[in-house]
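Trainee: The lines below spell out each chain.
2 protein chains.
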Amino acid sequence: MAKTTFPTREDNFSEWYNRLVVEAGLAETSAVRGSMVIKPYGFAIWENIKETLDSMFKATGHQNAYFPLFIPKSFFSKEAKHVEGFATECAVVTHYRLKAENGTIDVDPEAKLEEELIVRPTSETIIWSQYKNWINSHRDLPLLINQRANVVRWELRTRMFLRTAEFLWQEGHTAHSTAEEAIEEAQLMHAVYQDLFQNFLAIDGVMGEKSENERFAGAENTFTIEPMMQDKKALQICTSHFLGQNFAKAFDVTFTNKENKKEHVWATSWGASTRMMGGLILSHSDDKGLVLPPAIAPVHVAIVPIFKKEEDLTAIEEYLAPFLSELDRESIKISSAFLGDIELPINIQIDTDDQKSPGWKYNEYELKGVPLRIGLGKRDMENGEFEVYRRDTQTKEIVPARKLTQYLVNTLEDIQKNLHKKNLEHRKEHTYFVDNYDDFKEKIEHGFVMAHWDGTVETELKIKEETKATIRCIPFDNYLEGQTAEWKCIVTNKPSTQRVLFAKAY
Amino acid sequence: MAKTTFPTREDNFSEWYNRLVVEAGLAETSAVRGSMVIKPYGFAIWENIKETLDSMFKATGHQNAYFPLFIPKSFFSKEAKHVEGFATECAVVTHYRLKAENGTIDVDPEAKLEEELIVRPTSETIIWSQYKNWINSHRDLPLLINQRANVVRWELRTRMFLRTAEFLWQEGHTAHSTAEEAIEEAQLMHAVYQDLFQNFLAIDGVMGEKSENERFAGAENTFTIEPMMQDKKALQICTSHFLGQNFAKAFDVTFTNKENKKEHVWATSWGASTRMMGGLILSHSDDKGLVLPPAIAPVHVAIVPIFKKEEDLTAIEEYLAPFLSELDRESIKISSAFLGDIELPINIQIDTDDQKSPGWKYNEYELKGVPLRIGLGKRDMENGEFEVYRRDTQTKEIVPARKLTQYLVNTLEDIQKNLHKKNLEHRKEHTYFVDNYDDFKEKIEHGFVMAHWDGTVETELKIKEETKATIRCIPFDNYLEGQTAEWKCIVTNKPSTQRVLFAKAY
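Protein chains in written order, with our numbering: chain A, 1 to 506; chain B, 1 to 506.
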């Protein structure tokens, strides 16, 4: 029987995560510092997330395109804050040829690039340099483009999925004729992400905007979703930016408006990466392994036939056939804000491998977070029963054969809802409203803290230095604003306009 | 009325291609030398090709995964022929940080990498370095993995889609316990590509294997498909390699066989890139623009309502409604070797833009290769008729309203078949069987030449030097072997084992 080799969450949360990623076959490290390999099972989950998000982008009128991996160094300097934000983590291509000499292979010094190329850490600059050709008139707007790509940010401390030198993501880049329309777009995409997280990934984060200090380099405003992981730290899981006219000015992208006057274009960008996979793992998994929401699980039900001889397996397969064709006509219903009521087919895997024991397989499917598992032997068939194991609650139930289909459908839908509910409750349970700095310092060790702040970068940095907590966002949700008599900053006593969310973060 | 600004194929074939790519909104050049931007319409076609191929890979038991963009320089040296083949076209990352000084941005000399990183030109080395951890026993085999990725090859002369410094592709990398099984896999994937080309892209190339000189760097055998473009040059549109044990030995990847002995693993790799888009354009397009096979066209029928007032448009939309819901239940049938008989939904675009004239729109849809176009005005509705323009034959037909649905379905299926037939006939018509070098030199200027060859690299290189033609492949198809009395090399008179295909190529 396969034995999981990772510690419990309580023992060592960080090591539990690292080992789980490997043991569940999601990813592994590579020979390239900070770059991971996404293994087939991890990639299958990623593809489900990616395709769901892609459908939402198309449903909101966006089109996909592809821009170069490399960005000329000079493009970076054109938007001052942007270069400042990314300069220290850029991988730089300086040569375009190797040469073999004396049996060793070396960079050919004669093949030096005149201008170095940056491997994109994000694509605003290269994309806006092209948009100059695409946009002339207000009739060319809005321009609603998304790109799926790999990007590189040379991080010093990396962790699989959460922070890697190379990662996969989508980055939307849109152009608009007014600031209002661009802000609406950034908010719309913020809502699209929320739809994905709540209704598919079963993750409920706090929606809000970033403080000036935490904004994207080059943005006027950044919207974020900040869910709470099981160790009560926050994870910034997606961002959506209103870029004002910054990039349009840097690359001189103008349009002729309805009054026939030239104006600079207004922009947004928004992205979500393989970091979502990290959020998914840190949100729902337990000491036995991964726990997957059915809406994005590659396999919904694993059936393990218990057999010794070939003919026993044949008998089990024959017995299963009518149930499978019934399940083939069923689906898991998901209500999505942007995709409507959709029906997902139920994916069933029958594990007929005779080299591995049922016990080994049970363990493996728990590790891989398959929502439901059925062990099926001769006695079960004689009794007309199925023993169904439910991954999220780790409970077993004996289900009469005639009720199986409905039971599976209902339970999968219930798991989806249950995971979201647990995630939301966990966050609410560990969110504290504090009114003085002493309470803040105590509570910040135990979860999210909602506190009044004077709105200055100075105070924000002081708090960060003293407690390692940052402002995760200025929440939209007004219910969070209550419960206080005085709206004063907990550090400076200066006036505050609302409570903001502080937390330690990944 | 929009006017196409590109020359005819006869005037200047090369310039016709370059302009068409831009005018049809498929791609454009970028500020990065040799890197193109794939625009939304081009990307929509690419996505259809990509998804079709992905379904075929899944239907043949392959899984997707993702490996690092960067490859440590030392990995390259491990397979001698491989490094030799790719060394001169590698983009090299040497630094990982920029720094701003005196208002300019520069590469930080202190942030030099200890070992340079190569931006992957292909991923055999990085993937086989990981497979070492994945494979232990014969039970881990076969390992059937595909990756979708961007790769970089620093080409000196680039052309959009056909040869770009960065391109998108899929690369399959499989591991097997015997040479026979690996060869079968390489042939299977060769057949998968053929299915895609014949039944979806309507391109009929010659299938065969490469001569030693033209093989992939590190392969024991390379299978290729070589279709003829309209200018009668060949385009290598995909390759599938049997890699022997070369990479397994280079990275010491072994498995324990059934007799409990250690052996090196056998490998294949296979890939097809955005070059397929170039092949698609060069195969079917004409002087009016792109011509798309319905199986991969983003839009099948463009309907252009002819209206002046808002109420005219409303009347047209109401008139169309029942036809649209009828078409919604119809589909285009495609027979695929690997996907079976599939049904594609019919995508209809109704162009209600009141800023552009019907004439401008007609031109635009011709340029974009939309298979069918309908202009619909008051008189058509009164007559109960539709005027349907068919892109591939540039013909118009008046279709009674009650026959519209069936007419559109039939015609779309007919266009698909017709394009394939035309493509195959064009190749056959311009394929010459020659028996001496003088005839060879004359005919090679006009198409494909099938000639006897002595099997040596020397003769191959001599022919290449004197005629610029290369051996495109040693065809599988026996019909090509006939029509000769003496099986002797046209250059050296030495014995030949079969005719091989010579052509000038992209």
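Please note: incorrect hints may appear among the correct ones.
Pairs involving identical chains hold if they fit within one copy or between any two copies, as the list cannot separate such chains.
Heads up, simulated DMTMM-like pairs for lysine to aspartate or glutamate below, C-alpha to C-alpha not over 20 Å straight-line [unchecked claim]:
| # | residue 1 | residue 2 |
| --- | --- | --- |
| 1 | K99 | E114 |
| 2 | K81 | D108 |
| 3 | K333 | E15 |
| 4 | K58 | E47 |
| 5 | K356 | D140 |
| 6 | K396 | E259 |
| 7 | K78 | D106 |
| 8 | K468 | D435 |
| 9 | K99 | D454 |
| 10 | K112 | E155 |
| 11 | K464 | E311 |
| 12 | K262 | E465 |
| 13 | K488 | D439 |
If you are wondering where the hints come from, they were derived from the structure by calculation, not from laboratory data.
Trainee: Against each hint, give a clear statement of whether it holds in the structure.
Mentor: The hints, checked one at a time:
no.	hint	result
1	K99 - E114	both (19 Å within a copy, 18 Å between copies)
2	K81 - D108	between (34 Å within a copy, 18 Å between copies)
3	K333 - E15	neither (36 Å within a copy, 53 Å between copies)
4	K58 - E47	both (16 Å within a copy, 13 Å between copies)
5	K356 - D140	between (60 Å within a copy, 13 Å between copies)
6	K396 - E259	neither (69 Å within a copy, 41 Å between copies)
7	K78 - D106	between (33 Å within a copy, 14 Å between copies)
8	K468 - D435	within (19 Å within a copy, 81 Å between copies)
9	K99 - D454	neither (59 Å within a copy, 33 Å between copies)
10	K112 - E155	between (26 Å within a copy, 15 Å between copies)
11	K464 - E311	neither (66 Å within a copy, 62 Å between copies)
12	K262 - E465	neither (46 Å within a copy, 56 Å between copies)
13	K488 - D439	within (15 Å within a copy, 93 Å between copies)
Hint compliance for this structure: hints 3, 6, 9, 11, 12 are broken, all remaining hints hold.
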